[in-house]
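Go by the hints and put chain E onto chain Y.
Chains as they are written, first to last, in this note's numbering: chain Y, 1 to 192; chain E, 1 to 100.
Note that these hints are calculated values from the structure, not bench results. Just so we're clear, the structure is a prediction, and the values are computed from it rather than from any experiment. Check before you lean on any hint, since a few could be wrong.
[Unchecked claim] In silico lysine-lysine, DSBU-like type, Cα no more than 35 Å apart, as pairs:
(1) Y:Lys126 to Y:Lys6
(2) Y:Lys44 to Y:Lys126
(3) Y:Lys121 to E:Lys6
(4) E:Lys58 to Y:Lys121
(5) Y:Lys126 to E:Lys6
What follows is each chain in one-letter form.
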Amino acid sequence: MTAAAKRAKACAKLMDDVHAITAAEGITPSALHAIKLKLVGLAKRADLFPLAEFAMPVSQGRNHPLLVEENDGHGLYLTINMPGKEAAAHDHGIWCVNAAISGRERHEFFRRTDAGDMPGKASVVKVGEVMVEPGNGMAMADHDIHSTVVVGVEPAIGLALYGYALARFPSVVWYHPEFSTTRASPSRRHAA
Amino acid sequence: MAHTPKRHRLTIANTRQTIDCAGNETVLYAAIMAGIDFPYACASGNCGTCICHLDAGKVSLLPRGDAALNPEQVQAGQTLACRARPRGDVAVTWLGRGRK
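The following block holds chain Y by itself, in its conformation from the complex:
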């Protein structure tokens, strides 16, 4: 069996496990933790993810779909981000679980502190951080806020599982403490 066939089988098994977890208890903190452990387990299987089968980014960040469910289901991706690649604090409106294959990506978590009553204005405070590196992952609920940055000199290669496929993401809300602003990217829920 080729690596691609083994990978497809393992990804399908993961998705079956995810559905079994969420069917039993919904999207709860403990369910997301259980899903994270499953994803970390899959990411440890380096033989399934030979780098030669995944193109590197043309710039510094690229996602490869591994399993995107039909009927508005989940999306599982292999992500490659180069050193220094970052994402400002954001809430992507849907739960997400990450696990590292190689490299290191720091995730910082934030809580919004303003009342949300001034359009375009917001303030956030950092409430924690996790280093996503081999053997470790992170899980976040629908409206958690996180930022990411690839640290060190190696690319961060990992698995990312989202409640919706990237092509059908809700509006992503971005937070910029340096400007005390918030901005939203358009929803893709109507598309695809």
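Relative to chain Y, chain E alone:
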């Protein structure tokens, strides 16, 4: 002695304003700090909302996602204000939210 980044002139055609932008600042940062209503969302090289045309000058680009700015766009003279640091005096026209 601390190194002081060189300052450059940044012209934003949409608003016909010219402001200062240090070599270690992005075009977007300088514009926002100057009170210019430059379109942006992620401000970190992921969404492409701040895409603009580089009308004059050269910039260095910070890391960004492939989906935010592709090589054909770079070839066509486009850049991301949130990732672009000036290497000299520059002029840009933002392309998002309609050209003003």
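Here's how the hints hold up against the structure:
Straight-line distance between C-alpha atoms of Y:Lys126 and Y:Lys6 comes to about 40 Å, which puts the hinted pair past the 35 Å bound. Between Y:Lys44 and Y:Lys126, the direct Cα distance comes to roughly 30 Å. Compliance with the 35 Å bound is thereby established for this hinted pair. For the hint linking Y:Lys121 to E:Lys6, the alpha-carbon distance of about 31 Å falls within 35 Å, and the restraint holds. A hinted pair counts as satisfied when its Cα atoms are at most 35 Å apart, and E:Lys58 with Y:Lys121 qualifies at roughly 32 Å.
Between Y:Lys126 and E:Lys6 the alpha-carbon distance is near 32 Å, which keeps this suggested pair within the 35 Å criterion.
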